[in-house]
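Asker: Chains A and B, in that order, give the protein sequences. Each step along the first sequence adds one to the number in my numbering, with nothing skipped, and position 90 is 1059. Each step along the second sequence adds one to the number in my numbering, with nothing skipped, and position 20 is 209.
Read the hints as simulated data drawn from the structure, not as lab findings. Don't take every hint at face value.
Not close to chain B: a few residues of chain A, all C-beta gaps over 12 Å, as computed [what the hints assert, rightly or not]:
(1) 1027
(2) 1048
(3) 1061
(4) 1064
Derived pair list, reagent style DSSO-like, types lysine-lysine, alpha-carbon separation capped at 30 Å [claimed, not checked]:
(5) 248/B to 267/B
(6) 246/B to 1035/A
(7) 246/B to 267/B
(8) 192/B to 1023/A
(9) 242/B to 192/B
(10) 242/B to 267/B
If you anchor each label on the Cβ, the simulated ranges turn out as follows [stated by the list, open to error]:
(11) 204/B to 991/A: 39 to 47 Å
(12) 1033/A to 244/B: 39 to 47 Å
(13) 260/B to 974/A: 38 to 46 Å
(14) 1014/A to 219/B: 36 to 44 Å
(15) 204/B to 1076/A: 39 to 47 Å
This one's a predicted model, so the numbers in the text were calculated from it and none came from an experiment. Beta carbons are placed, not taken as given, at the ideal position from N, Cα and C, and that holds for glycine.
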Amino acid sequence: GQQVQQSPASLVLQEGENAELQCNFSTSLNSMQWFYQRPGGSLVSLFYNPSGTKHSGRLTSTTVIKERRSSLHISSSQTTDSGTYLCALGRNNRIFFGDGTQLVVKP
Amino acid sequence: GPKVLQIPSHQIIDMGQMVTLNCDPVSNHLYFYWYKQILGQQMEFLVNFYNGKVMEKSKLFKDQFSVERPDGSYFTLKIQPTALEDSAVYFCASSPSTGGEQYFGPGTRLTVL
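Input sequences plus hints: build the corresponding full structure.
Answerer: Encoded structure:
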């Protein structure tokens, strides 16, 4: 079955709004990573965050292991934030990816 | 930050031919990985590799697939012979330790005709 579930599957925002992307997992983990996947397919690493909270500019990632969830918060969204966001659970030396959240930010 | 390079970025090949995808991992990393993403679908693990050996492979890693890293050169994924369903983007990754952060390359888009 699916070890990593992302929600929502898609999200449409007006520029300036905030976004909260969720990742729930059904197993234990060694690591948690968040990626942005460009329309062309290449990956941009956003966070390596196996536990706790990390910040990077307008992005915040929080992983709560005992609740088996991780979130990515985007504040003051911009049109350039549009794309696919992937969470990736690392376990037993392999990564399990979620299906992604497709974000569209309208001007 | 550390970068993983992949060569070529695109490859078009006729079904039945052999193809080799090349990955230049981060220089001091010891663990290497290949992932496959069919257009519009989820990214999926293929194989991991350490100390000259495959440690683990998924059911997607068919008998026609092989990996190697001879003498610290490129980490390669070879498919021989290729099939239509091998068309996908293949991502290489490396990490300094087991269970640690994985660094991904930009992917090689393989089209099998």
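Asker: Measuring from beta carbon to beta carbon, are residue 1014/A and residue 219/B in 36 to 44 Å?
Answerer: 19 Å, violated
Asker: So the hint says 39 to 47 Å: do the beta-carbon atoms of residue 204/B and residue 991/A match that?
Answerer: Once the Cβ atoms are compared, 41 Å apart, the range 39 to 47 Å for residue 991/A and residue 204/B holds.
Asker: Hinted pair, alpha-carbon criterion (30 Å max): residue 248/B, residue 267/B. Please report holds or violated.
Answerer: Holds - the C-alpha atoms of residue 267/B and residue 248/B are around 16 Å apart, at most 30 Å.
Asker: Does residue 1061/A really sit off the interface, with its C-beta more than 12 Å from all C-beta atoms of chain B?
Answerer: At about 7 Å from chain B, residue 1061/A fails to clear the 12 Å cut-off, so the statement is violated.
Asker: Over 12 Å to the closest beta carbon of chain B is the bar; see if residue 1048/A clears it.
Answerer: 23 Å, holds
Asker: Does the claim that residue 1027/A lies outside the interface with chain B hold up, using a Cβ gap greater than 12 Å?
Answerer: 19 Å, holds
Asker: Note whether the CB distance of residue 204/B and residue 1076/A lies within 39 to 47 Å or breaks it.
Answerer: 44 Å, holds
Asker: Starting from the hint 39 to 47 Å, judge whether the C-beta atoms of residue 1033/A and residue 244/B obey it.
Answerer: Once the Cβ atoms are compared, 29 Å apart, the range 39 to 47 Å for residue 244/B and residue 1033/A is violated.
Asker: Check the following: the C-beta atoms of residue 260/B and residue 974/A are separated by a distance inside 38 to 46 Å.
Answerer: Taking Cβ atoms as reference, residue 260/B and residue 974/A lie about 42 Å apart, which means the hint holds.
Asker: Does residue 192/B sit within 30 Å of residue 242/B, going by the straight-line distance between their CA atoms?
Answerer: 23 Å, holds
Asker: Within 30 Å, alpha carbon to alpha carbon, are residue 246/B and residue 1035/A?
Answerer: Given that 30 Å is the threshold and the Cα spacing comes to 29 Å, the pair holds.
Asker: Check the hint pairing residue 242/B with residue 267/B against an upper bound of 30 Å on the C-alpha distance.
Answerer: At roughly 15 Å apart (the allowed maximum being 30 Å), residue 267/B and residue 242/B satisfy the hint.
This entry does not satisfy hints 3, 4, 12 and 14, going by the numbered hints stated previously.
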